[in-house]
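Trainee: Read off the chains here:
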Amino acid sequence: MSETAEAKVKEPLFSKKNKKLLTDPLNDDNPITIQVLGICSALAITVQVKQAFVMSVSVLAVMIFSNLIVSLIRNLIPSRVRIIVQLVIVAALVILVDQILKAFVYDVSKQLSVFVGLIITNCIIMGRLEAFALANKPFPSILDAIGNAAGYAWILIVVAIFREFFGSGKLWGFQIIPQSFYEFGYFNNGLMILPPMALITVGIIIWVQRSRNTKLIESN
Amino acid sequence: MDVNKNSYIFGFSALLVIVVAAVLSFAAESLKPMQTENVRIEKMQNILTSVGISATPAEAGELFDQYIIDQKLLSNKGAVVDKDGLTAFDIDAVKQYKDKNLSPEEKFYPLFTFQNEEGKKYIVPMAGKGLWGPIWGYVAFAEDMNTIVGSTFDHKSETPGLGAEIKEDFFTQKFIGKTIFEGNEFVSVEIVKGGQPWDSPHKVDGISGGTITSVGVGEMMERTLGVYVPYFKNTSKASL
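Each protein sequence line maps, in turn, to chains Z and U. Number 125 in our numbering belongs to position 113 of the first sequence; there are no gaps in the numbering. Number 146 in our numbering belongs to position 109 of the second sequence; there are no gaps in the numbering.
Take a look, some chain Z residues computed to stay more than 10 Å from chain U by CB distance:
| hint | residue |
| --- | --- |
| 1 | VAL48 |
| 2 | PHE151 |
| 3 | PHE193 |
Mimicking SDA-like on lysine to any residue, the simulated pairs with C-alpha atoms at most 25 Å apart in a straight line are:
| hint | chain 1 | residue 1 | chain 2 | residue 2 |
| --- | --- | --- | --- | --- |
| 4 | U | LYS230 | U | GLY170 |
| 5 | U | LYS230 | U | ALA164 |
| 6 | Z | LYS122 | U | ASP129 |
| 7 | U | LYS204 | Z | PHE177 |
| 8 | U | LYS157 | U | VAL117 |
| 9 | Z | LYS149 | U | VAL57 |
| 10 | Z | LYS62 | U | GLU205 |
| 11 | U | LYS109 | U | LYS270 |
| 12 | U | LYS204 | Z | ALA56 |
| 13 | Z | LYS122 | U | ARG77 |
| 14 | U | LYS166 | U | ASP129 |
| 15 | Z | LYS32 | Z | MET138 |
| 16 | U | LYS204 | Z | VAL117 |
| 17 | Z | LYS227 | Z | LEU211 |
| 18 | Z | LYS122 | U | VAL60 |
| 19 | Z | LYS122 | U | GLY255 |
| 20 | U | LYS132 | Z | LEU124 |
| 21 | U | LYS230 | Z | LEU206 |
| 22 | U | LYS193 | Z | GLY185 |
| 23 | U | LYS211 | Z | TRP184 |
| 24 | U | LYS193 | Z | GLY202 |
| 25 | Z | LYS122 | U | ALA95 |
| 26 | Z | LYS182 | U | ILE249 |
None of these hints come from the bench; they were simulated from the model. Built from N, CA and C at the ideal position, the CB exists for glycine as well.
Construct the entire structure; sequences and hints are all you get.
Mentor: The structure is reproduced here in structure tokens:
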């Protein structure tokens, strides 16, 4: 016992294991494409890149703090009520983020409107608390939070790029497809703006990822 | 310590809830002045945007005081009323629209008068219903109280890319130059689907895919402006 404890103390800040916590969720263990969590928000707020970005940052903040807090008090939480304890902590943090956004960056908070509240129900956050923070020390928990939030973010932003580009001809609110295209009969694809296309886009990303990453190819 | 004892679970839960409640109420209370100030500034910005003045949050207050020379309250019959301690700016159109307990007589309709070197403009706030939630806006009229010179709309939770487009310039600019009276009769401005004559002075092209929100804008304008009709008619005649 004391030996392992000592070994852990000597573990460098960014050991191989800790780095893996950061990089794994980006590809091999991506929360959206592999674990298929957080699909709900991936569908709802990927119409425009800007919204997807702000949502990702908010999720990152909530995830870091919830993972940190739960990890700090992990030995005090009675396991029979742990889910509700996690929920209370996440909900409190989300409301805090919402209040702070409203006070300091009012226009951004208006952009996100109801979606901030929906972070509470984002399965990735609960999933990471349950699967990681409850059993690990604070520092790896923070890394795990950053890794998973980044894995969530890049999928969200890639989907949003496709949807905003083909759906409205814009990126980050700026017109990309020139007016002359429209004069030649080009039309924005209205279907891209609707939620089903988000699901199809996520599906295509999963397909591409699975065919490129040999670790993910199932044998049977 | 056994963390799975019932007494511990009760104690832990109670403590957690109390701590969380304390933190949240402290945060809400201490941030509240900033939040209400943001809402106030945004309202000033919206009012100024409807007459084509874009103000940053920092300068909105100053420009508002400079240009808005008069604020009036109208009753639901369109008569100017004087209500102690209540200015036009204090009326929250959305709240008033949603409040089912208010009788029509208890509702007040604000009117802002804007003046710059080009003359006066009259700004009417309004609120209505979109597809998912409330929508609201400000419509500015020229001195004839008939021609729209500008507008701004906003919404709480319309679909991005569809109904939410009502707040974009391309939509609000279509209202400029439209009129709400045909001869002496109030006809408001109708939001219509494609293929209809938009060059009519009372019709505006709606947003494809945002039909319910577009119709909501039309309904909101007709209902709200209807209240102002008696005032507009009397005042514009008197000044002619």
